[in-house]
Every structure is written in structure tokens, then in C-alpha cells.
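Number of protein chains: 4
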Amino acid sequence: MNLPAEEVKRKLALACRILGTEGHDDLNLGHLSARTPDHRELMYMKGRGLCLSEIQPEDLVTIDFEYQKIDGSRNPHGELPIHIEIYKRRADVGCVVHTHPLHATAFSATGQTLRPVNNEGVMFANALPYFDLVTDLIVTPELGRSLAEKLGDAKAVFLKNHGIVVVGETIEEATVRAYLLEKTIKTLFVARVLGEPKWTEDEEAEQKSKRIFTGPKINAMWEALARQLEQREAPLRILKSLERRLAKKT
Amino acid sequence: MNLPAEEVKRKLALACRILGTEGHDDLNLGHLSARTPDHRELMYMKGRGLCLSEIQPEDLVTIDFEYQKIDGSRNPHGELPIHIEIYKRRADVGCVVHTHPLHATAFSATGQTLRPVNNEGVMFANALPYFDLVTDLIVTPELGRSLAEKLGDAKAVFLKNHGIVVVGETIEEATVRAYLLEKTIKTLFVARVLGEPKWTEDEEAEQKSKRIFTGPKINAMWEALARQLEQREAPLRILKSLERRLAKKT
Amino acid sequence: MNLPAEEVKRKLALACRILGTEGHDDLNLGHLSARTPDHRELMYMKGRGLCLSEIQPEDLVTIDFEYQKIDGSRNPHGELPIHIEIYKRRADVGCVVHTHPLHATAFSATGQTLRPVNNEGVMFANALPYFDLVTDLIVTPELGRSLAEKLGDAKAVFLKNHGIVVVGETIEEATVRAYLLEKTIKTLFVARVLGEPKWTEDEEAEQKSKRIFTGPKINAMWEALARQLEQREAPLRILKSLERRLAKKT
Amino acid sequence: MNLPAEEVKRKLALACRILGTEGHDDLNLGHLSARTPDHRELMYMKGRGLCLSEIQPEDLVTIDFEYQKIDGSRNPHGELPIHIEIYKRRADVGCVVHTHPLHATAFSATGQTLRPVNNEGVMFANALPYFDLVTDLIVTPELGRSLAEKLGDAKAVFLKNHGIVVVGETIEEATVRAYLLEKTIKTLFVARVLGEPKWTEDEEAEQKSKRIFTGPKINAMWEALARQLEQREAPLRILKSLERRLAKKT
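Chains as they are written, first to last, in my numbering: chain A, 2 to 251; chain B, 2 to 251; chain C, 2 to 251; chain D, 2 to 251.
Treat the hints with caution; some may be incorrect.
A pair counts as met if it fits within one copy or between any two copies, since identical chains are not told apart.
In silico BS3-like cross-links for lysine-lysine, where the CA-CA straight-line distance does not exceed 25 Å [unchecked claim]: (1) K218 x K161; (2) K70 x K10; (3) K156 x K89; (4) K156 x K199; (5) K70 x K12; (6) K70 x K161; (7) K211 x K10; (8) K241 x K12; (9) K218 x K70; (10) K151 x K199; (11) K249 x K89; (12) K156 x K249; (13) K211 x K199; (14) K218 x K12; (15) K211 x K161.
Worth flagging that the hints you see were computed from the coordinates, not collected in a lab. It should be emphasised that the depicted structure is a prediction, and the values quoted were computed from it without experimental measurement.
With the hints as constraints, model all of the structure from the sequences given.
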């Protein structure tokens with residue numbers, strides 16, 4: 002079963018770098034996790050100290066749901082209760098994203114209900130919950146449970162004056178959702194300046210969401226994000242390889 | 002007649018990459034089409050699965066106006082009725098753009114009438130129509146016909162909470178128009194924050210538009226967009242070519 | 002006297018590329034000019050067809066104040082009356098900039114008086130004039146004279162729903178002024194969202210302006226702009242040179 | 002004691018380049034300083050003429066608290082009283098940052114009290130002071146003393162229509178604070194458009210601040226900023242090295 006584990010780690014590291022370079026980087030803060038493929042009481046999680054945009058598979062740690070580190074050279078983030086308590090409560094969730102992107106974090110400060118103004122907005126047509134018990138970090142199992150409870154069956158939750166938590170069945174789904182959540186709020190930001198936004202009503206939003214965000218279409222969006230990441234990463238990778246060659250020749 | 006067909010495809014792919022890298026990319030969504038040069042009941046259209054910014058001529062598909070794919074390895078986008086129904090209704094249209102750029106999409110959520118605040122605004126001085134029958138995707142011939150009817154004789158139409166459709170006699174014209182539509186709304190966005198915008202009145206706008214947007218001037222703008230694309234594409238192209246050489250030497 | 006002429010051309014082309022890559026590019030539109038060093042009834046001006054960011058000395062044309070092209074392979078822009086009529090009226094002006102940067106153009110749509118909210122704002126503490134006779138292009142000597150009259154003794158003038166004209170004794174001064182005018186309006190844009198801006202009052206603004214914007218300090222800012230341009234231009238220049246070598250080896 | 006001095010200079014130059022490339026560059030304006038490690042009545046300070054983003058250790062000057070230059074080939078900035086008078090008043094301060102980043106400078110024009118809307122906002126939960134005695138440059142010891150007095154025991158002070166001064170015990174702390182001050186105001190900017198921001202109340206902000214901004218965590222953020230700078234600087238460094246080789250071969 003080694004191969005699937007490597008594949009999940011590779012994909013989770015890719016998801017970290019995609020979101021990190023798409024506006025979710027906040028220095029070394031923010032973290033993603035995914036259930037391990039072989040054991041449902043374990044997760045891989047971004048280790049502490051690096052930016053999301055820097056994560057490679059070896060920077061992940063393996064944690065069990067008793068909060069013990071099983072594997073990995075890095076320390077876990079103090080907010081691991083966010084991940085563990087959501088996995089315990091939501092058997093359908095395979096990946097958890099917690100980040101502080103600019104527009105969604107600013108939105109979390111307004112306490113508003115997000116309503117759809119564009120295509121991706123309909124993904125979040127069922128009003129996303131709002132966690133405001135604390136604005137502080139989620140560093141105890143109790144806070145993690147409160148947050149998981151507030152999340153309920155939703156796809157994401159806003160953390161007041163803090164950021165977002167987004168979940169998905171797969172790494173692909175959670176990543177695409179987190180990307181689109183930030184993007185839809187960016188669109189709302191522009192719309193708010195231009196005039197009074199009109200919403201897509203609930204019924205149409207749900208129908209539209211079913212059409213646009215099927216499993217295969219979300220996977221195609223993930224593939225697009227992965228190719229765009231490669232476009233951003235390739236120049237420095239190639240130049241660094243050139244630099245090593247030039248150094249050898251000296 | 003092979004050469005012109007290749008030339009149209011090359012130009013359409015270029016238009017996709019220009020708009021994709023000028024703020025019209027929305028993952029793998031959005032699409033452009035152009036009539037084939039030899040047969041007016043056929044169109045080339047961006048195939049499914051790639052970003053606009055990635056399109057090469059071989060990623061285009063050929064579709065007839067009975068909705069049948071004639072050529073091409075990719076699947077067509079589900080929204081092909083937008084293109085076909087507009088071509089059927091507008092003999093003057095040779096190219097159709099459907100994208101979701103940030104500012105124009107946000108504008109589509111406000112239902113406002115676009116009025117000119119800068120030079121390029123006068124291109125759209127005759128109030129652009131607003132399609133709000135649905136906010137969902139345009140996936141049936143019926144919806145395509147409704148949209149084409151709403152477009153009427155205009156250069157573009159806003160799709161509520163969705164995006165824009167822009168048309169032109171040529172690929173150059175439709176591309177420049179789509180680029181300038183997004184840009185003029187970006188200017189309006191800034192003006193709205195700075196104060197109460199004053200419009201250029203209709204009569205002057207029309208006269209100004211005739212002066213700035215003649216055929217040769219639109220072609221010169223297209224050429225500028227094409228050169229700027231080359232500036233953006235060249236670094237990675239050269240580095241990838243270097244990478245292949247370095248790999249061979251190893 | 003050949004050398005100084007070459008030096009003025011080199012500097013004017015540099016000014017075009019600086020402003021072009023600092024937010025003043027608007028496809029192939031916008032233009033700069035400078036008086037020739039040897040004859041005060043002649044000017045060098047950006048030729049038609051290229052973006053500001055692309056201009057090299059050989060893309061300039063030489064025009065006399067009777068509107069005749071004396072030298073250069075390109076056509077002049079239709080708006081040359083802006084330049085000629087200002088030079089005729091203002092013996093102190095050695096360089097004229099006409100561009101459409103985003104924030105300043107948006108500001109021109111509001112008809113407001115610009116007041117200083119930051120350091121560079123004080124450069125424009127004496128209220129800049131506002132030209133709203135037409136919003137159309139300035140393509141006749143009459144319109145050029147009206148604009149030059151409206152400019153009066155000021156450093157710059159807003160053209161309603163069109164853009165800005167900025168002048169300076171030297172290329173360095175006009176370029177730095179145009180750069181800072183856009184920048185100060187960008188700051189105002191942000192301030193307008195954050196709250197109600199407080200202005201620096203006229204007397205203090207004038208004193209502050211004399212301290213910050215002396216000739217040597219403006220030259221030092223020009224040098225900073227020129228070095229930053231080199232940072233932006235160097236990668237592609239080096240890569241293109243590499244590409245030529247790789248091509249030769251094949 | 003040579004080595005520590007070199008290390009402080011290297012770190013101060015790095016801090017200049019980090020902030021310069023993170024939105025604090027304003028042409029050749031803005032400056033950072035740090036106390037020398039061996040003598041508390043001396044400071045290293047960015048010399049005049051370069052952008053923050055260009056600073057290398059050899060561009061620093063050494064100044065004593067009697068305003069005399071002790072070492073260095075460049076001239077000091079005229080605003081050195083900001084630095085000297087703060088060091089004289091605040092024995093705990095080891096590094097002073099004075100810059101004009103876009104959002105914080107715009108905020109300085111509003112005279113508002115900054116309140117926390119996101120994680121980094123809590124770092125500045127104790128209302129930052131506002132200096133509005135003058136908006137002009139701080140070029141006399143008297144003005145420097147007034148500013149230092151207004152700063153009091155705070156981490157930073159807004160200079161009306163001018164910019165910010167941020168202090169820290171170490172270079173790392175002052176740099177991270179300056180970076181986060183600009184970032185938190187950027188978040189506030191977006192929140193202001195999206196709706197009415199809710200603040201994190203003082204008590205929770207203080208507790209949250211103690212959790213997030215411990216010494217080790219601030220150092221980890223500094224390390225992240227340093228690695229991200231290397232990502233931005235590496236391409237041109239490698240290409241310039243390639244250019245030198247290509248030139249030699251010709």
C-alpha cells in the first residue's frame with residue numbers, strides 16, 4: 002500500500018503549493034491535511050515552519066486522532082484540533098483546508114452572509130456558517146469541537162477576524178473549493194464598489210451548482226490549477242538547475 | 002484553401018491566450034470561437050479542458066451549426082449554443098468571445114447600464130444589453146437563441162452573475178473589444194471609489210468612438226496585444242527549451 | 002552636436018519605457034515628447050504603432066512646430082497638437098507626457114480637485130486644472146491651444162474621461178511627475194475606502210514640496226526609476242540572447 | 002567583534018530588501034536602521050540614493066547619536082533624527098523602520114484608530130499613536146524628539162500624510178511588524194468595501210497577540226520573509242551570472 006500513500010502525500014503537497022501561490026500564503030501560517038488512504042484514524046498534515054507555497058511531501062507529518070505524531074520530521078501546527086475534530090465528526094470529509102486569504106479573511110470581519118454574485122458563488126449558495134465564539138487560534142480539542150459543530154454539514158465556515166476552513170471529500174475538491182471561495186469574494190468586493198449586487202436566488206443557485214461542480218468538472222479545475230502552478234514553478238526550478246551547472250564549471 | 006484555415010486557427014488560439022493572460026482566464030472555463038474561412042455554417046471553437054491561456058491551434062474543435070463536431074480531438078464546451086445561435090442570427094459576426102473576467106463579471110451582478118468614463122468606454126456608448134433570463138450556463142439552443150436575441154445588434158451583452166459575451170466581425174475586433182470592456186469597467190471601479198463619475202455624453206461618445214476605433218486602429222491594438230503576449234510567453238518557452246538541452250547533456 | 006541629440010533620444014525612449022512599465026501603458030496609445038537640444042522649434046516624439054514600453058530611440062520621430070515630420074520612419078500620433086501647442090506657449094517646458102494611467106484617468110472622470118494625502122501629493126498642491134471642453138482626442142491645433150491655455154503655468158492637467166498631460170523642464174522632471182501623479186491618486190483611492198482623508202494644507206504643502214522635489218532629488222528619483230526598469234527588462238533581454246545562441250547551435 | 006557587526010549589517014540589508022520588495026519601496030525613499038552590536042550610541046542606517054530593495058551591506062552608513070557619520074561611502078538620509086531620537090528615548094529599541102507603504106500611508110491620511118480585523122491586527126491592538134504636528138519630513142532633532150515622544154512605548158506610529166515608523170527590539174521584530182502593519186491595513190481596506198468590520202475586542206486581542214507573536218514565532222516569520230525574498234531575487238541573480246558568462250565567450 003506504499004504507492005497510494007505516496008500519491009496522497011504528493012497531492013496534498015501540491016494542494017499546499019497551489020493555494021499558497023494563489024493568494025492563500027500568509028507567511029508560514031495556514032495548513033492543509035488529508036486522511037491517510039490506509040487508515041481512517043490518521044491524517045497527513047502540513048508541518049510547521051514553512052509557507053504553504055514551499056511544501057514538498059517530506060514536509061508533511063502524520064498525526065493520529067489522539068493528537069499523537071506518528072511520523073515526520075517537522076512539528077505539527079498548534080491548530081491541529083481544527084483538522085482532527087472535523088474528521089471525527091464528518092466521515093465524508095477527506096481533506097481540510099485552513100488558510101487566511103485576503104478577501105475571505107476580510108469578509109470574515111464583516112459577519113455577513115455570503116450570497117452568489119457569479120458562477121462560483123453558487124457553490125456556496127447554502128449560507129456558510131460563521132464561527133465567532135473566539136477570534137483566537139483553535140488550539141484546544143474543545144475549540145476544535147465547537148468549530149466542527151458550527152461547520153455542521155457545510156462546505157466551509159468563516160472564522161471571525163481569522164480566516165476560513167474549507168472541507169472536501171477529496172484533496173481536489175477541498176482545494177478547488179478554497180480557491181473558488183476566495184475568488185468569489187474578490188468578485189463580490191469589486192461588485193460592492195460598482196453598485197448594489199443582485200444575487201442568484203437559492204433554487205437557481207442549487208441547480209447551477211449541480212451543473213458546474215460535478216466531480217469530473219472539479220477534477221478538471223484541479224488539473225488546471227496544477228498546470229498553472231507548474232507554469233509558476235518552472236522558471237525558478239530550471240534556473241536553479243542552471244545555477245548548479247554553472248557552479249560546477251567554475 | 003488550407004493556408005487561410007490554418008491562419009484563422011492560429012489567430013483564434015492567439016486570441017485565447019491573449020485574453021487568458023489579460024484577466025479573462027477562469028480556470029478551464031470561458032471560450033472563443035470563429036467562423037471558418039471557407040464555409041459559413043462551421044466554426045472553430047476552443048475545446049474543453051484547458052485554460053484559455055494554454056490554447057494552441059490543435060486544441061480547437063470544428064463544429065457545424067447543427068451542433069455536430071466535425072473535427073478535433075477535444076470535446077466542445079457545453080455552452081456551444083452561445084456561439085452557434087449568435088452566428089445564425091448575426092451574419093456580420095465572425096468571432097464570439099464568452100469569458101468571466103473579474104471586473105465585467107462583478108459589473109454583471111449590479112445590473113447597471115455601462116456609461117463611458119474613459120477613452121475605451123465610448124466603444125460601448127450605446128447601452129449594452131443585459132441578459133437575466135437565467136444566471137445558469139447557456140446549454141440549450143433555446144437559451145442560446147434568447148441570448149442572441151438579447152444581444153441584438155450590440156457589440157456585447159452582460160450575463161447576470163455569470164460574465165460577458167462579446168462579438169466582432171473579425172477575431173481581432175472581438176478580442177480587442179473584450180479586452181477593452183474589462184479595462185473600462187476596471188477604470189469605472191476606481192472612479193466609483195474616487196468620486197461621482199461624469200459620463201461622456203452619447204453624441205460625443207459616438208464621434209469619439211468613430212475616431213479611435215477604426216478598423217486599422219483596432220488591428221494595431223491587436224498587434225500590441227500579440228506582442229505583449231509574446232513578452233509574457235517568451236521566458237518560459239526559452240527556459241523550457243534550455244531545460245530540454247540540459248536534460249540531454251546529463 | 003550629435004552626441005547630445007543621441008543622449009536626449011536615449012533618455013526620451015527610456016522615459017517611455019519607464020512609464021509604460023509603471024502603469025502608463027495603454028496598448029499603443031499615449032506618447033511623450035522632448036525638445037531637441039539644438040533647436041527649440043523641433044521636438045522628438047514617440048512614433049505611432051508601439052507601446053510606450055517598447056520604445057527605443059529609433060522609434061522616435063522628429064517634428065517641427067509647423068506640424069511637419071523632419072525625420073523618423075514612423076508616423077506621428079494624431080495628438081501631436083498637445084505637444085506643439087504646449088511648447089509654443091511654455092518656453093520653460095522641455096518635455097510633455099500624455100498618457101492614460103488607470104487611477105489618474107479614473108480621477109479625470111470625477112472632476113474633483115486633487116489635494117495632497119501623502120508626500121508626493123504636495124507636488125501638485127496648487128490645484129491642477131481640468132480640461133473638459135471635449136473628452137475626445139486632441140487632434141487639431143485649436144484644441145491643442147485650448148488645452149495649453151487650460152494648463153497655464155501648472156505642472157499637469159486632467160483631461161476629462163481621457164487621461165493626463167504632465168510637463169517638466171527636463172525629461173527627468175516630467176517623467177517623475179507623471180509617475181508620482183498616478184501614485185498619489187492610487188494612494189487617494191485607498192484612503193477614500195479607509196475613511197475621510199485629511200489634506201495637507203496649502204502652505205505646508207508648498208514648503209514640503211520645496212524640500213522633497215529639488216532638482217537633484219528629482220534626478221535621484223529618475224535614476225531609481227531607470228534602475229528599476231533595468232531590473233524588469235534584464236530577464237527577457239538575457240533570455241533572448243540565450244535563445245539566439247541555442248538557435249545557432251542547433 | 003568583527004563578525005557580529007558584519008552579521009548585523011547583513012541582516013539590516015536583508016530587512017531593507019524584504020520590505021522594499023513587499024510593498025514598502027517608494028523610489029529611493031524610506032530607510033531602516035539598527036543599533037550596532039558593540040556600542041549602543043551608534044547605528045547602521047540605509048544610505049541615501051538607492052531603493053530599499055537594492056540595499057547591500059556596503060550601502061549602509063554608521064552614524065553616532067551626535068549626528069556624525071563615522072563610516073560609509075554614502076550620505077545619510079535627511080530624516081536621521083527619526084532614528085537617533087527614538088534610540089535615545091527607547092533603550093529597548095534595536096531597529097527602526099520608516100517607510101511609505103501604500104495602504105498604511107493612505108491610512109495615515111484618515112487619522113483613524115487602527116483596530117484589529119484579522120490575526121495580525123491584534124499585534125497593534127493597543128491603539129497606535131498618530132503624529133500630526135507636521136506632515137513634512139522629520140529633518141531636525143526637535144521634530145525627531147516630538148515624534149519619539151508621540152511614539153511613546155508603542156510599536157509604531159502613523160505620520161499624517163507621510164507614512165509609518167515601526168520599531169522593534171531586533172531587526173527581525175521591527176521588519177515583521179512593519180510587514181504585518183501594511184498587511185493588516187490591506188485587509189481592512191477590503192473589509193471596508195465588503196461591509197462594516199467587526200473588531201476583535203481589546204482583551205481577546207492582547208491574549209491572541211501573546212499567542213501568535215512570541216519571539217520564536219516572529220523569528221520564524223522573518224525566516225519565511227527571507228526565503229520568499231530569495232525566491233524573488235534568485236532569477237535575476239542567476240540570469241546576470243549567465244549573462245556574464247555569455248559575454249566572456251563572445
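Structure-based check of all given hints:
1. K218 x K161: Between copies, since 22 Å is at most 25 Å while 31 Å is not.
2. K70 x K10: For K70 and K10, the Cα distance is within 25 Å only inside one copy (16 Å; across copies 40 Å).
3. K156 x K89: within (16 Å within a copy, 42 Å between copies)
4. K156 x K199: Close inside one copy (23 Å) and across copies (24 Å); limit 25 Å.
5. K70 x K12: Cα proximity of K70 and K12: one copy only (20 Å, versus 35 Å across).
6. K70 x K161: neither (29 Å within a copy, 50 Å between copies)
7. K211 x K10: neither (29 Å within a copy, 33 Å between copies)
8. K241 x K12: Both: 23 Å inside a copy, 24 Å across copies.
9. K218 x K70: between (35 Å within a copy, 21 Å between copies)
10. K151 x K199: between (27 Å within a copy, 19 Å between copies)
11. K249 x K89: Answer is neither: 52 Å inside a copy and 50 Å across each miss the 25 Å cutoff.
12. K156 x K249: Neither. Shortest intra-copy (51 Å) and inter-copy (47 Å) distances fail the 25 Å Cα cut-off.
13. K211 x K199: So K211 and K199 pass the 25 Å test inside one copy only (21 Å; across, 34 Å).
14. K218 x K12: within (18 Å within a copy, 28 Å between copies)
15. K211 x K161: Only across copies: K211 and K161 sit 18 Å apart there, 29 Å inside one copy, limit 25 Å.
In summary, the numbered hints that this structure violates are 6, 7, 11 and 12.
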